[in-house]
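A.B. asks: These protein sequence lines map, in sequence, to chains A and B.
Residues in the first sequence are numbered from 31 upward in steps of one, following the numbering used here.
Residues in the second sequence are numbered from 9 upward in steps of one, following the numbering used here.
What the hints contain is simulated information worked out from the structure, not anything from laboratory work.
Hints may contain errors.
Said to hold, decoys possible - Pairs of lysine-lysine residues, derived as DSS-like cross-links and limited to a Cα-Cα distance of at most 30 Å, are as follows:
no.: 1; chain 1: A; residue 1: K185; chain 2: A; residue 2: K154
no.: 2; chain 1: A; residue 1: K154; chain 2: A; residue 2: K240
no.: 3; chain 1: A; residue 1: K240; chain 2: B; residue 2: K852
no.: 4; chain 1: B; residue 1: K63; chain 2: B; residue 2: K119
no.: 5; chain 1: A; residue 1: K185; chain 2: A; residue 2: K134
no.: 6; chain 1: A; residue 1: K154; chain 2: B; residue 2: K724
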Amino acid sequence: MLTVQGLNVSYGAVQVVHDVALEVRPGEMVALLGANGAGKTTTLRALSGLADSANGSVQLEGRELLGMPAHRIIREGVAHLPQGRELFAELSVLDNLRLGHWSKRSDEAHLQAQVERVFTLFPKLRERATQAAGTMSGGEQQMLAVARALMTEPKLLLVDEASMGLAPIVVDQLFDALEQVNATGTSILVVEQFVAKALGHTTRAYVLAKGRVVVEGKSDELLNSPELLGAYLGDGHAA
Amino acid sequence: MTRLLLFTFLSIPLIGAYILFSLGIVVIYRASRVLNLAHGAMAMTPAYVYYTLAKHGTPRLLAILLAVAFGALLGVVVEALFVRRLRRQGPTAQTVGTVAVTGLLIALIAKIYGTSPIQAPTVFPHGQVTIAGASVAYGSIGLLAIGLIAAVGLLAFFRYTQIGLALRGAAQNRTAASIVGINPDLAASGAWALGGATAALAGVLLAAVTNLNPYTLSLEVLPAFVAALIGGLESLTGAILGAVIAGLAFGVVPLLSQVPVIGSPLRLSGAPQLVLTLLALGVMFSRGRRLSAADTDTSTINTATTQMSRRAPLRPMTLVLLALVLAWPWLVPFSVLGSSLLAVEFAVVALSLVVLSGWVGQISLAQATFVGIGALVTGLVARGLGIGFPFDVIVGVLAAAGAATLLGAVALRVRGLYLAVATLIFAWMGDAFLFPSPWLGASGGSSTIPNQRIGHPGGLVSIDMTSRRVVFLIFVAIISVVVLSLSNLRDTRVGRAFFAIRGSEIAAASLGVHVTRYKLYAFALAGALAGLGGGMVIIDQRTVVPSQFFFTVSLQYLAIAVVGGLSSLGGGVAAGVLFAGLNELFFRVSALSGWLDLVSASLLAVVLLLYPGGLAAAIAGLRRAADRIAGLTTGRLPRPGERLRAAAGAVTTRVRQVMPQPGPATAGDWLDTLHDKPATHTVTAEVPTQPVVAEPITGDRLDRPAALFATGVTVKFGGLTAVSDASLDVREGEIVGLIGPNGAGKTTLFNAVLGLNEPSAGAIKLFGADITGQPAHQRAGMGVARTFQVLQLFSGLSVFDNVLMGTHLHHQGTLFGGLVGTPVTVESERRCRERVANVLELLKLSDIANESVTDLPFGTLRLVELGRALATGGRLLMLDEAASGLNDIETARLVDVVRSIRTLGVSVLLIEHDMQMVSAACDHVFVMDRGEVIAAGTPEQVSADARVREAYLGASPAPSSERRKPRRRAPRTPELTGVR
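The shape of chain A in the complex, shown without the other chains (with noise of 0.2 Å):
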């Protein structure tokens, strides 16, 4: 459904992603790892289109998704959980959550139903519907902010670095959520720091190293691979 073809992203004159190829089949959960400043978030940001400069081709089930701005690709089907939540912190959850149904200008009674379904797969937000976002802790926000993506019936959703911060059992909570998510019907792409973690609950996973993807493979074979440890933590950590 998605598909990622000579994928080159750069920061002004540095560039950052070099010639990414990458899929994601419907109904799959994939995760793309990677040691920090690998690129993985900057590959995301460019399949969302947040990112300036990138060049290649991005397809979502045959439509060319690149050079779209962010408003619009998320109107495609593709919703992007970004690293630091950018929830809007002043104001409501619900509001958060509305805003989040946005893109899909429908009915009133059809965001209610909407609320309701993300609302009971984080009841804690209902308790919190109408407090601040910012004012909440940090697992709460990173569970507002994977309501809010849902809030559109994504296609694809794509998770940078969900578990930033947060404690252990908040995260195992979190790709609880994800997998209820993905059994509806969402594919979705994880980038995750902690690759256990993110081997544990997805079928393929990519990793990147310096911007290029490096190894590919499922995710249950790869999770006793010293080649991804290398690719991860440098060299000296390899063996």
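Given chain A, put chain B in place with the hints provided.
C.D. replies: Structure of chain B alone, referenced to chain A:
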């Protein structure tokens, strides 16, 4: 009293207009972070549209609707043409963009309709009702009612509609808006349309109550800026409240003056303005806060690249120009001589803005007010005290500088555009209160210096100032001294601190620059120069009237400075000459009469949008062309080594005439110069003659004194605890790493050490001294130096000048010393330049000393920033992800440099996520995860630690029994750390 208040409330039609205005200002500010100075003009223009439509028989209601629609359209156009296009250059440039819009609209309407007041068709029927025993016009009540209705409507729109919610969201977070599918540009257009529509509505209704005049109607908006500021600039309800307060002040304050006890002091014109100004300044004063990590780059107008340390040899052209200027008074007719004097006056005021806006990045909308203070005080001293030139002018200069300093002292507590608002409010108060005051001017505020008071023969200074030729030569002498002094200042400590602040306040503070103090210096200097301009104006004209110093004139001065290129002295002078020339031209050529304002405003718009370098860039281009031609004829390439010397010393001003000696070759000597101004500590370690890679530290680290000692640091942001009870220490001479996965809180802890956030608990000691709670620049003074993850070099400057910025703490130069080039400053400058040469030598950057940092590869720039940190002489060097973005070779070079730094007695704390780099460089490592320090020890110890592996990998991919190990808390005090 209640009835009185009720009456007052109703009797003030302006409250309704202020509500509409301040709501629009706040809506636009929230959406675009721009202070829309064109708001008044955007109200005035639709009012003329309404007038024209109504005059041609359009039904009133339809005319109003069309005018409001026109206002909305105008808002959209202004946003698209100016605000959006200037976004990359930041809010200051965008705000100047709205100044250009103001000029264009006023000039356009004045050209079409003339400037005499026009009676606009009424909206509400004539007549009045009697309330509380006094009569109130229908029009007033109508305006108030519509203002209130619009306010309620807007609040409801933002609170209860999806589109209102989307606009609020987009105003808060552009990225978030994009990813949920809101087009942030469209949202900004929407906000400007709303702002434009409300402004138009207010303009139409106001015009119907008062009169149509392009100037006065545009200025009716000024109290609304006060209102918006009182409300905090961000809050709609605050804006409404502020508008009511502002409106009431106009009703109540004059009433109070009729109370016998208070008596005459308040029975001055402009008393409400004075009261509101004091209120607004009070609000600002109470909102002051410290620099924090969230204050990223100060955005400034992107002007001609700052020229520093560039060779500007005396050219034949310069001599010709000088001769021409000296002969000028005898070459031109007397009438042209008048414009020549005007050129100098313009130039001096433009230079005041070059210092304040061009060098420091602060915007002032009150330069004309300072000019007026200078002129009127000069007049007062000459006329009243009988003191002649130059002492009258000196007093005038001091008065203007004092006023500017006072204003700055209040306004500088807040950052960003608040300062611009403060100057705007000050100008407004000056127009209404200060200048009409009989104690400052004479009858009606005008001020005259009698001929005999103006330096007549036999006076203290015996110059015949009645001759305009003499006056011209004196003016030329004055501006020459000003330009030379300012170029001196630019090239020493204070000038560099100015540039550093403009480039990045955080970087400036990290180099030890007391940001607020230097901004205040700039304010005082700009006020003094404007006051000097004022003194010149009154000497030139003999009689001045207050309208010469009104707010609109401030906007003109700003236009002159921007057209000049804003940061260049030559450009400022050239722009003064250009505008005086245009004045003369449009006055002489009758076919052009009436077009001057439109041409000036267009010039500003063109320079802003298409040619941001202004005249300075044009002049620089001409120079380069001349150099190329000269180079072709002499045909000579620079010899090796020449470039460094050129960078270090090739100078024209007195300060830079000193050539630095070739630096000492050994690291030991180098260290001596580096630490020529030791703080509380001196480094006594034996230093090898060559910088070498140090051996790992042996023995117990805890036996060494602590360079940095942080205990129990907790930092919270809103509901998030970013760092929780974290402790770490760096021993003298040690290289310590702080590692952890993304989001672990490394940067937050780092910022806590640097004073860039406010920990809710914990203590931080630096070389034994408690620095908890001290501001960032003071910590720099105590020996902390740093680099930035996202490079904070000063773009456009050379490598040498960038590193030179790091010598701030060692330079003995003062503001005065820099201006006149005192021996202390010159000697200090020489030593600092020598020090920079040494640092560059150590880092092997000497060959590229003269290259602009804009053209260098990233890896080299990291070293340049490291060099700048070293130049501060700090004994604790903090590197923030210094290896990020570097390739393997560059990283290896960096590791070498870091390890060699230690041999100089400098301790290092580096934040890294790259384990390899940490293993190669560090003696000791602290590991953070989720805000806590979870492990400490040598690199080998921590990388073998199961918790560390878990933190990095989520769980160890090896045997699964390692997973989910219960997390132990980190030891509370580093002394007891015992992972080993």
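A.B. asks: Hints first: check each against the structure and report whether it holds.
C.D. replies: Evaluated hints:
1. A:K185 x A:K154: holds (25 Å)
2. A:K154 x A:K240: Violated: K154 of chain A and K240 of chain A sit about 39 Å apart, past 30 Å.
3. A:K240 x B:K852: Between K240 of chain A and K852 of chain B the Cα gap is close to 27 Å, so the pair holds against 30 Å.
4. B:K63 x B:K119: The hint holds at about 19 Å.
5. A:K185 x A:K134: OK: K185 of chain A and K134 of chain A at ~13 Å, within 30 Å.
6. A:K154 x B:K724: holds (22 Å)
Violated hints amount to a single one, hint 2; each of the other numbered hints is respected by the structure.
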